[in-house]
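Protein chains: 2
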Amino acid sequence: MFDNTSSLTRFLPILDWLKTYHRQDFADDLFAGIITAILLVPQGIAYAILAGLPPQLGLYASILPPILYAFFGTSRTLSVGPVSIAAIMIASALTSTAVAELGNPVQSALVLSLESGAIMLLMAVLRMGGLVNFISHPVLTGFTSGAALLIIGSQIPQTLGLKTPACGIDIACYMTYLQGFNSTTLLLSIGALALLLLFSQLLPTLLKKMRVKLAIITAISKCGPLLTVVLATIAVSLLTNSGQSIAVVGVVPSGFPELSINVLTESLGQRGQLLLPYAGFIALIAYVESVAIAKVTANLRSEKIIPNQELIGLGMANIAAALSGGMPVAGGFSRTMVNFAAGARTQMAMLIAAALLAIAVMFCSPWFTNIPKSALAVIILVAITPLVKIKDILHTWVYDRGDGIAEIVTLLGVLVLGIEEGIALGIMLTIASNLRKTSHPHIAVVGRVPETEHYRNIKRHHVETWNHLLLIRIDESLTFANINYIEEFLVTELKRQPNTKHIILIFTSVSDIDTTALEALESLNQGLQIAGKTLNISEAKGPVLDKLQKTDFFEQLKPGQVFFRTEDAVKQLE
Amino acid sequence: MFDNTSSLTRFLPILDWLKTYHRQDFADDLFAGIITAILLVPQGIAYAILAGLPPQLGLYASILPPILYAFFGTSRTLSVGPVSIAAIMIASALTSTAVAELGNPVQSALVLSLESGAIMLLMAVLRMGGLVNFISHPVLTGFTSGAALLIIGSQIPQTLGLKTPACGIDIACYMTYLQGFNSTTLLLSIGALALLLLFSQLLPTLLKKMRVKLAIITAISKCGPLLTVVLATIAVSLLTNSGQSIAVVGVVPSGFPELSINVLTESLGQRGQLLLPYAGFIALIAYVESVAIAKVTANLRSEKIIPNQELIGLGMANIAAALSGGMPVAGGFSRTMVNFAAGARTQMAMLIAAALLAIAVMFCSPWFTNIPKSALAVIILVAITPLVKIKDILHTWVYDRGDGIAEIVTLLGVLVLGIEEGIALGIMLTIASNLRKTSHPHIAVVGRVPETEHYRNIKRHHVETWNHLLLIRIDESLTFANINYIEEFLVTELKRQPNTKHIILIFTSVSDIDTTALEALESLNQGLQIAGKTLNISEAKGPVLDKLQKTDFFEQLKPGQVFFRTEDAVKQLE
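Protein chains in written order, with my numbering: chain A, 1 to 574; chain B, 1001 to 1574.
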C-alpha cells in the first residue's frame, strides 16, 4: 500500500487516502461518523467520571485528539478518544497518595496526557515501535481482564446509588453497606440495563429476521447508549422534581476551554515528576492496545499498520488532548468495531464524529447536567464485561501452560498489587520466559529417513543410524544464553554412544554464533580431538560461514570438515 | 563421571575422588599444594590490603573457605581464596559513603562474606545455576578488564610510595603530586618487578633450554612472589634501621580469631541492609568467574563442573570465610592455573595448602610486619595485567560487532560509572541484545537444489523455484517476540510475488509456537484465504504438531495442508 509513496505520505498517512477519496466513500464515512459520535458522547462523559475527572475532560478528548490521529495515524478505522482501560489507569495515578496530595486532579490529568504523548513521540524517534513485541498477548489479555474486573468493581456501587465501600474484608460491614442502597437508583439502573440489552442483543436479532438492511440494524442498535442516557435523564428530571435525590453528572461547561499552555510548565515541575512513571505505563498500554485493535480491522481489509507511525499518531493525539483540556486517549475497542461495522472507509468518519462532538460541546452541554451516574455506570458495565476474557484464558491454559500462567499471574497482579504493578509483573514474566526459552533450545539426535536424503529425530521416526556417527541438529542460533545447555547435551550423548568417531553438527537452524558460543565450540573441539574424535559441521548458512571465515575455526576443526549437506557428510564419513 | 553415584556423592563431591584416591595422587597433590601455598601467602595479604582491609582477613580467607569448597565443590583444581576482582569490589562497597559512615570496615567485610555466601546458597536452592548463562563472555571480559584497570590505577601510587591522588582532572596537580614520590620505595618496586619478571619469564625459558624437568621449573618459577616478598622485607628491615621510612603491612596478629558469631546479627541490621546489593554483585561475579575458571581446567581433563553444585561449594566457602574472620572468596584464575600446572589431581592439594596457611598464620605472623606495601603492589600489578584483555577485545570486535560494543561499553561503564554500575549495565545490554536477536529471526525464501531433495536460500544458491509456490523457512521458534517480524516478512514477499497460490512454511527449526504466534498465524491464514491463497506447513516437529492438535488450527488451514517433507509438499502442489 505504501510502496510508491513519498516520505511525506509516510509521515502524513492521511494523504494516502485523501488523493483517491470518492463521493461514495464520504457517504459511508458520514454514516459511520454519526453512529460513532452517538456512542462517543456517553462514553466520553462516562470514562471521564470513571477516571475521577469532570465530564468535560472526556468530551474534549474526543475532539482534537482524533483529528490529529486522522492526520498522522496509519489505521483507517481506529477510533481514538477516551477509553476505559486508560481511564482506570488515570484513576489509579490520581488517587496515589503523593499525587492526590498535590490537589487539582484536572491539571494532573492534562500532565498525564502531555507526558504520555511525549513518551510516545520519543519512542517513535528512537524507533521503538517494535516494543509492541515485548508484551505478549497472554500478558495483555491478563492485564485487560484484570483492569476490566477492577472497573466492574468500581461501577457496581454506582448502579446502587452507593459510595465506594470502605470495609476491607469485613463481611458484616458489607452487609450493612449494601443495605444503604438507593432503590430509585437501582430501578433506574435495571431499566437502563434492560434498554441497553434490548438494543444490543434483542433488537438486532429481531430486525435481522425481518430482513432489514444491515447498515440500518447497526445504526439502530448503536443508538442504545444514547437513548438510554436520554430516557434516564428525562426520568431523573421528573424524579428530582418529585423530591428524589439521584447522583447526576452535574454542570458541564459550554464551549471550549482556552488552550492550556501552563500544562507545559507543570509537566516540568514536581507534578510532572510524580506522574512520569504513570504516564509511561499509560503510554505503553495505550500504544500496545491501540496497535492490537488497529491490526484486527486492518487485517480484515488487507490494510497495513506501521507500528512506528502509530506512535506518532497516538503521541500527537495525546499532546493535542493535553493542550485542549482532555484526558489521555487511545484507540477504543468497542468504538472501533462500531465504526468499522457501520462502514467507515477512512479516518474521515472520525473527523465527522469530532465535528459532531464539537457541536455537542458548544450547544448541548446544559442537557448533560442531569444525566444520572447510574445510567453511565450501566453503559460502562455493558461495554467492559466482554473484556473479561475467561474463555481466552482457558484456551491459553490448555494450549500453552507457560503462557497460561503468565496470563493468570498478570490478572491476579492487577487485582492484588495494582494496575501498574500488574503490568510491570507481566512484562518481567514475559522477558524471563523468553530468556528461559532461548536458553533451552531444541536439540535432536537425527538419523536418515530410509530411501531419502531427509534427516529426522531418532526419537520420533524410524531412521537409519550409524554406529560411529553422531548427527545432532541444533534448532537455534548459538549464543551465550544456550551454549552451556548445548554443550551439556553433547557431552551426555557422547557418554551414551562412546564409540562415536565423528560428530556432525547440523546447522540448518543456526543463523548466528556469538563470541561466547564460538569460544565454547573451540574448547569443545579441543576436548574431542584429545579423545580422538572429529567435530564436523553440515548445512551451515552463508552468513554463519562468512563470520567463521574471519577466525581460524576451520583450521582448528581439521581433520573435522564443513559439509554443504548432511547427506554429503554421511556418505563420506559412514 | 557422576553416572552411578548416590545423591550423597552429588551433594558431597569430595566422596567421588576420595574413594579412588591413590598414593601417587597424594604425591602430586602435596607438591601442588606446597606451590599454591607459597603463592597464597603474598596474595592473601596483598588482596586484603587492596580491599582496604587488614592483611589477616586475606590469610584467614585462605584457610577454612578452601576446605569447605573441597568438600562441596565439583572442580578438582579450583583454588578458592581471596581474589583481586572481588577485592576491588569489596573496596568499592567499603568506600561508598553510607557504608563508610558506619565505620568498622572489618565487620562490613565479614557481613559481605556472609551475605554473598547466603545469596549463593539461596540461588542453589532456587536452582539458578543456569544464571551463569546470562552474563556473556564479552560482558565478563569487559568487566574484568575494566576492574583490572581500576586495580592497576590503585596500585601504581603504592609502587611510588604515594597516597591516592585527589586531583580530579587537574594535570598541574598531578605533576606536583608525582614529584612527591619516594625514591627508595620506587627503587624497591623496580627491584621487586625485576625479580618477579626474572622468575616468571626469564628463568622458565632458561631452565627449559637446560632441559630441567617441567615440575621443577613450575616449582621454581612460582616461588618468585614469595622470594620477592622475603628479599623486600629484608631490604626494608635494613633500610628502616638506616632511617628510611617505607610503608609496610604492619602488625599481623598471630593465631586465629574467635569464631565471629556477631556477624550474623550485624547482617540483619542496618549494615546488612546497606551491604546487601554489593553482596549480590560480589556473589554473582564470584560465581560466574569461578565457574568460568573451573571449566577451563575441567575441559582439559574431561571432568565435569556442575553449576548448581558450584553455588553450594562457593556459598559454603563464603559463609566459612565470614565465620572465621575472612574476606569474601572466589576461585582465582592465576592460582588455579598454578595449581593445575603444578600437577594437582584433586582438592587434596588445596587441603594441604590450607594446612600450610594455618601453620603460617600460627607461627610466621611476626615475619609479615615488615613486608613493604610497594612489593605487594608490584605482585598485584604483575598478576593483574594479563586480565586486561586488549587482544580479546579486538578479536571480539572483528568477529561480532554487537558483542564488541557490549564488551567496550561494559569496560567503560566500570571505569566511568563504577564497578557495580558497570556490571549492571553489562547485564542489561546482554538481555537487551538477546531480546533483539530473538525478535529478528532469520527467515529465508528457499528453492530446491537441482537433483536433490535439499532446499536452500534462493539468495545464496542456484535453486529451482516455482511461480505459484512460495517456500519460506523460518529459523526460529514462533513467539510473541518475533511473530510480527515474521508476518511483515511474509506480507512483503507476497507483494513481491503476487502470483503465489500456495505458501509453504518450512518448520524445520520451529520448536514451539506460543499463544501470541498461534493467534497471528490464524489471522494470517484468514487473510490469505480471503485472497484465494493457501497456507501449508512442512517438516513440523512432533511436539509442535502435538500442541497444534489441541486446537482447531488444522481445520482452519484447509484446503491448506501439513506435509511431512518439503519435497512432498512441492510434488503435490507444483
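If you are wondering where the hints come from, they were derived from the structure by calculation, not from laboratory data. Just to be clear, a hint being listed does not mean it is correct.
Quick list of in silico lysine-lysine cross-link-like pairs, DSBU-like style, CA-CA up to 35 Å [as the list claims (entries may be wrong)]:
1. K533(A) <-> K1019(B)
2. K1389(B) <-> K533(A)
3. K1163(B) <-> K541(A)
4. K1550(B) <-> K571(A)
5. K391(A) <-> K1459(B)
6. K391(A) <-> K541(A)
7. K459(A) <-> K1495(B)
8. K209(A) <-> K391(A)
9. K558(A) <-> K1019(B)
10. K163(A) <-> K389(A)
11. K1163(B) <-> K304(A)
12. K391(A) <-> K1550(B)
13. K1571(B) <-> K304(A)
14. K1163(B) <-> K558(A)
15. K558(A) <-> K495(A)
16. K391(A) <-> K1541(B)
17. K304(A) <-> K1459(B)
18. K1304(B) <-> K304(A)
19. K550(A) <-> K1304(B)
20. K1209(B) <-> K459(A)
21. K1541(B) <-> K541(A)
22. K558(A) <-> K1533(B)
23. K1209(B) <-> K304(A)
24. K1495(B) <-> K304(A)
25. K1550(B) <-> K1571(B)
26. K547(A) <-> K1541(B)
27. K1459(B) <-> K1163(B)
*Output the numbers, in ascending order, of every earlier hint that fails for this structure.*
Those not satisfied are hints 3, 4, 5, 6, 7, 9, 11, 14, 18, 20, 22, 23 and 27.
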